[in-house]
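Q: As you go down the protein sequences, you meet chains Y and D in turn.
Per my numbering, the very first residue in the first sequence carries number 1; after that it's consecutive.
Per my numbering, the very first residue in the second sequence carries number 188; after that it's consecutive.
Treat each hint with caution, since some may be false.
[Claimed, not checked] Cross-link-like lysine to aspartate or glutamate pairs, in silico, EDC-like; alpha carbons within 16 Å at most:
hint, chain 1, residue 1, chain 2, residue 2
1, Y, K154, D, D459
2, Y, K147, D, D382
3, Y, K154, D, E258
4, D, K189, D, D382
5, Y, K91, D, E278
6, D, K189, D, E258
7, D, K386, D, D370
8, D, K220, D, D370
9, Y, K124, D, D226
Please keep in mind that the hints were generated in silico from the structure rather than gathered at the bench.
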Amino acid sequence: MDPVQLTNQKENAFLLEVAQASGETIQACYQCQKCSAGCPVAYAMDILPNQILRHIQYDHRERVLSSKTIWLCASCYTCSVRCPNNIDIAKIMDTLRGLALHSGIKSGEKEVPLFHSVFLDTIKSKGRIHELSLLIQFKLKTKDFFKDAGLGWKMYRKGKIKLFPSKFGGGREIKEIFNAFEKGERN
Amino acid sequence: MKEISYYPGCSLEGTAGEYDGSIRGVASILDIKLHELEDWTCCGASSAHCTNEELAIELAARNLAIAGKSERELLVPCVACYSRFKWAEKESKEHPEKIHSSYRGNVPIRYVLDFFCEEPILEEIKKKITKPLSGLKVACYYGCLTVRPPKVTGIKDYENPQHMDHLMEYLGAEPIPWSYKADCCGASLVLTRTDIVRKLSGKLLSMAKESEADVLVTGCPMCQSNLDTRQDELEKEVGENFNLPILYFTELMGLAFGHKDVKKWLGHHITDPIKVLSAKGLM
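Throw the hints in and build the complete structure from the sequences for me.
A: Right, dumping it as structure tokens:
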């Protein structure tokens, strides 16, 4: 059975954009707040997950895309499995993050999107993630060299840090995948 | 001999080396031959799906296309990789027109825990046990993506999964009931919002201790690393001394099989498991 649409707000450009990109029926949300009640990161968010859906219903594009919430969502899918209207809220968060990056709107969280960008750059250049290289690249951007330094040393002594990346050849194909997106052949 | 393709993933080449070692170790005892996927690349992990959903599918699909060259199933030990592969599988079946890769959903993708928890393999496991894990109380920790979302994982009891508990019973251990077995440890924020990671991990460790677990068992390299490495920091912050070893379920399989490398695997852990296991007469 299709979910019943209990909200009567008119469709708006932002709602359509998010609904189309995520494939989710955002209009079906009737604010039961079960998503926020079970969200392990809700305490740190500036807008609760149920409120994000409401803001989308009201066309509050900038408010949503500049929120901390979309970057703090840990993609644990607890909200998605508990939604009585089967709205995959975690998937909507993916869509919102993608839209936020293209929007030019100032991000509510600085380091999380920066980390993702460094992570993807590492895949693009090396094909695999070599953890130490990723960490160094990220620290070069944040300039916060002391955070977790003690932990890093402890892990090194336990043989958990591999100093050199493994050798393999898949890099060229990966570059082609990234290039297709960067040239705008794909979104 | 059973043969299966194997995608280790980036973590198992680094911080989760002992997970890789113990998987290869127990597979060899169970007469399962692992064929590491040739020229595999990163699955894209959180960073790809958090920023570009189509790129995320392509990065996963590239590996699945390689796996699709053989008839074998694909064994995946890392939960993040597994989730990304299963999403790519779903997308390739529902929207094949959106995917550029030659992959078309034709590879059976198996998460290592699910694979070892199936009846025929459980029977084999039973035969290989030389040292049952008697008296060891384990908190089975499934985390998020091994079970959620069920439309991707196919797991029915996603709010209270049981399969790892059953596996532990087979090994002779005592799985304890506890309420945080599928809660999130915050791994995707591990280098950025460590404050959130500490809060979430602290809650899990607290609850596992309260439930009187001797060790916590997981099948996720990110959860293991998160829960294992920050116990000292948490002690300073919340004043609680957890000292709770965080083991991979495959390490405990190896221990029950009497594998010669168990000590080597456990030596890589930050929170020492050897003391607890020795006190139980298991090492």
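Q: What hints, given by number in increasing order, does this structure fail?
A: 3, 4, 8
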